[in-house]
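Since the structure of chain A is already known, use the hints to place chain B on it.
Top line first, the protein sequences correspond to chains A and B. Read in order, the letters of the first sequence are residues 1 to 272 in this note's numbering. Read in order, the letters of the second sequence are residues 1 to 272 in this note's numbering.
Hints are computed from structural coordinates only; laboratory data are not their basis. Be careful, since some hints might not be right.
Because identical chains share one entry, a pair is satisfied inside a single copy or across any pair of copies.
Straight-line alpha carbon distances no greater than 30 angstroms define the calculated DSBU-like cross-link-like pairs of lysine-lysine that follow [stated by the list, open to error]:
no.: 1; residue 1: Lys61; residue 2: Lys140
no.: 2; residue 1: Lys261; residue 2: Lys140
no.: 3; residue 1: Lys196; residue 2: Lys261
no.: 4; residue 1: Lys98; residue 2: Lys196
no.: 5; residue 1: Lys21; residue 2: Lys221
no.: 6; residue 1: Lys142; residue 2: Lys261
no.: 7; residue 1: Lys84; residue 2: Lys21
no.: 8; residue 1: Lys61; residue 2: Lys221
no.: 9; residue 1: Lys149; residue 2: Lys221
no.: 10; residue 1: Lys142; residue 2: Lys61
no.: 11; residue 1: Lys193; residue 2: Lys84
no.: 12; residue 1: Lys149; residue 2: Lys236
no.: 13; residue 1: Lys236; residue 2: Lys196
no.: 14; residue 1: Lys98; residue 2: Lys149
no.: 15; residue 1: Lys84; residue 2: Lys140
no.: 16; residue 1: Lys34; residue 2: Lys237
no.: 17; residue 1: Lys237; residue 2: Lys221
no.: 18; residue 1: Lys34; residue 2: Lys61
no.: 19; residue 1: Lys46; residue 2: Lys140
Nothing here was measured: the structure is a model prediction, and the numbers come from that model.
2 protein chains.
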Amino acid sequence: MDLKDFNHYLITPKQNNELAKVDSHPWEDIPSCKLEAGEELDRLRKQIADLQQRFFIDRRKKFLIVLQGMDTSGKNSTIRHVFKGVNPQGVHVSSFDKPTNHELAHDYLWRVHQCAPRDGEIMIFDRSHYEDVLAVRVNKLKPESVWRKRFRHINDFEQLLADEDTLILKLFLHIDSETQRERLQNRLDVPMKNWKFDPSDLTARKFWNRYEVAYEEVFEKTSTPHAPWYLIPSSKKWARNLLVARLVVAYLNELRLSYPKVDFDPATIEIT
Amino acid sequence: MDLKDFNHYLITPKQNNELAKVDSHPWEDIPSCKLEAGEELDRLRKQIADLQQRFFIDRRKKFLIVLQGMDTSGKNSTIRHVFKGVNPQGVHVSSFDKPTNHELAHDYLWRVHQCAPRDGEIMIFDRSHYEDVLAVRVNKLKPESVWRKRFRHINDFEQLLADEDTLILKLFLHIDSETQRERLQNRLDVPMKNWKFDPSDLTARKFWNRYEVAYEEVFEKTSTPHAPWYLIPSSKKWARNLLVARLVVAYLNELRLSYPKVDFDPATIEIT
Numbered sequence: 001m002d003l004k005d006f007n008h009y010l011i012t013p014k015q016n017n018e019l020a021k022v023d024s025h026p027w028e029d030i031p032s033c034k035l036e037a038g039e040e041l042d043r044l045r046k047q048i049a050d051l052q053q054r055f056f057i058d059r060r061k062k063f064l065i066v067l068q069g070m071d072t073s074g075k076n077s078t079i080r081h082v083f084k085g086v087n088p089q090g091v092h093v094s095s096f097d098k099p100t101n102h103e104l105a106h107d108y109l110w111r112v113h114q115c116a117p118r119d120g121e122i123m124i125f126d127r128s129h130y131e132d133v134l135a136v137r138v139n140k141l142k143p144e145s146v147w148r149k150r151f152r153h154i155n156d157f158e159q160l161l162a163d164e165d166t167l168i169l170k171l172f173l174h175i176d177s178e179t180q181r182e183r184l185q186n187r188l189d190v191p192m193k194n195w196k197f198d199p200s201d202l203t204a205r206k207f208w209n210r211y212e213v214a215y216e217e218v219f220e221k222t223s224t225p226h227a228p229w230y231l232i233p234s235s236k237k238w239a240r241n242l243l244v245a246r247l248v249v250a251y252l253n254e255l256r257l258s259y260p261k262v263d264f265d266p267a268t269i270e271i272t
Numbered sequence: 001m002d003l004k005d006f007n008h009y010l011i012t013p014k015q016n017n018e019l020a021k022v023d024s025h026p027w028e029d030i031p032s033c034k035l036e037a038g039e040e041l042d043r044l045r046k047q048i049a050d051l052q053q054r055f056f057i058d059r060r061k062k063f064l065i066v067l068q069g070m071d072t073s074g075k076n077s078t079i080r081h082v083f084k085g086v087n088p089q090g091v092h093v094s095s096f097d098k099p100t101n102h103e104l105a106h107d108y109l110w111r112v113h114q115c116a117p118r119d120g121e122i123m124i125f126d127r128s129h130y131e132d133v134l135a136v137r138v139n140k141l142k143p144e145s146v147w148r149k150r151f152r153h154i155n156d157f158e159q160l161l162a163d164e165d166t167l168i169l170k171l172f173l174h175i176d177s178e179t180q181r182e183r184l185q186n187r188l189d190v191p192m193k194n195w196k197f198d199p200s201d202l203t204a205r206k207f208w209n210r211y212e213v214a215y216e217e218v219f220e221k222t223s224t225p226h227a228p229w230y231l232i233p234s235s236k237k238w239a240r241n242l243l244v245a246r247l248v249v250a251y252l253n254e255l256r257l258s259y260p261k262v263d264f265d266p267a268t269i270e271i272t
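The following block holds chain A by itself, in its conformation from the complex (with noise of 0.2 angstroms):
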């Protein structure tokens, strides 16, 4: 699959980005049974192996992929299932909780910048600076006059990484309210995922609506050619993982990578 066959799913700036009007539900290029999709998934995997083998060894570009989401939108589940099996040596995850007093005390940018991937890494953000734009803002720890500034922040930030050979690829794991609803009263009720429930997550879901226009504006504000946003169907776990899968085959197969020439010929050197 070429990138372009992900036209569908990348959101540009000027579009109408109503997310309570967009299906959170798989959309018709995905295998409507389980099992199909559990087949190609495997198959994605290796390919994703393979290819960030190329792209580590390769050491020429750097590849930053931004997960965000509603909470449930199954952020960790997705990197576990898409990205077991890569080298662990070339690939790293960066979880923006709250922050510390310590990073408070910086710009917001500085802890992000501080996980930003090197050449051949593959850089894994779970919430990310958006969050200096998203939580920040519903939850009202700074003046509009404050965070109103950071997207351009944002856009520059991205473009700095891209002029500097990063690849970024920004994911919108998109649920509904409903689908949130059933996650989150599943956590309460299957005793094995108690610990996965936080009483806070009731406090963010009250603030859904809020969620929504700030994400929106996100969307419209930050999708560039050098760091779009592509919005994922994720109310099926099984949909939202193929289509990461993907996608990131998609973007790493752009790359046309192969093993690195070399400048010998290795039929005239003899080892003794």
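Showing chain B alone in chain A's frame:
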């Protein structure tokens, strides 16, 4: 002295900044005698120590001082003479030598951003991200298509820091080529100073004109209202120190820092 008293040292983007034509010897607002300058510097140092303590306690702003200049212009010596007497808990120096391989594997602002100051901190950059459009350009370490984009990155980066409550003061310690010749020769002639001599300084000296051109473009592109460049005539060391100390005092005075107000009446509290 008010900050506006330094306007003739301020480098505005539009003015003709042909460095070779700018006098690197003290201008008329500096005492003609070293002794008199020394007494004033002593007084200024006490002021800096006091202002820095208030800045540290206040913790509402960050302060970044960038020092650039040709070899032997006295970056280290300026730091030593102007900042001795401050509380080292709140003043730090980051020196940006040749990047390591680990640093080179990231975007060039990665190592710089890590050293950006936190609330209440005065951070002095001994060399800086400007080397990525100076040394990199002069020594052709990257093609022009790469380093030319960096002027914009740098302005964006400094805008981010400024928007997030960082004062930025950029100082160019200006010497002429003859002064550099004398100082380098002195490092060879005086055994106690031999350690300061680095044969690679001779290579940089050969590129004097190229550095001048590169600096002139730096000033043209990156002297902004929120992160201005000041030209410090530095062929007389004592005049250079005095001028930098005056400017730092003027900068901190602008903040009108007082000790934090308390929201209780100390007279009503009895310690038993």
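Is it within a copy, between copies, both, or neither that the alpha carbon of Lys98 lies no farther than 30 angstroms from that of Lys196? within (17 angstroms within a copy, 46 angstroms between copies)
At most 30 angstroms between CA atoms: does that hold for Lys236 and Lys196 within a copy, between copies, both, or neither? For Lys236 and Lys196, only the intra-copy Cα distance (19 angstroms) is at most 30 angstroms; the inter-copy one is 66 angstroms.
From the Cα coordinates, with 30 angstroms as the cut-off, is the pair Lys46 and Lys140 best called within, between, both, or neither? So Lys46 and Lys140 fail the 30 angstroms test inside a copy (44 angstroms) and across (41 angstroms) alike.
Homo-oligomer pair classification [Lys236, Lys149; C-alpha up to 30 angstroms]: neither (36 angstroms within a copy, 43 angstroms between copies)
Classify it for me, Lys34 with Lys61: is the Cα-Cα distance of at most 30 angstroms met within a copy, between copies, both or neither? neither (34 angstroms within a copy, 54 angstroms between copies)
Check Lys34 against Lys237 for me: Cα-Cα at most 30 angstroms, and say if that holds within a copy, between copies, both or neither. within (9 angstroms within a copy, 75 angstroms between copies)
Check Lys142 against Lys61 for me: Cα-Cα at most 30 angstroms, and say if that holds within a copy, between copies, both or neither. between (35 angstroms within a copy, 16 angstroms between copies)
If the cut is 30 angstroms between Cα atoms, do Lys237 and Lys221 qualify within a copy, between copies, both or neither? within (28 angstroms within a copy, 50 angstroms between copies)
Treating 30 angstroms as the Cα threshold, decide for Lys84 and Lys21: within, between, both or neither. This pair counts as neither: shortest intra-copy Cα distance 33 angstroms, inter-copy 63 angstroms.
Have a look at Lys84 and Lys140 and pick one of within, between, both or neither, based on CA distance no larger than 30 angstroms. neither (37 angstroms within a copy, 42 angstroms between copies)
Reference check for the pair Lys193 and Lys84, CA-CA at most 30 angstroms: within, between, both, or neither? Within one copy, since 22 angstroms is at most 30 angstroms while 58 angstroms is not.
Is the C-alpha distance from Lys261 to Lys140 at most 30 angstroms within one copy, between copies, in both cases, or in neither? Classified as between; 25 angstroms across copies, 54 angstroms inside a copy.
Comparing the model with each numbered hint stated earlier shows that hints 3, 7, 12, 15, 18, 19 do not hold.
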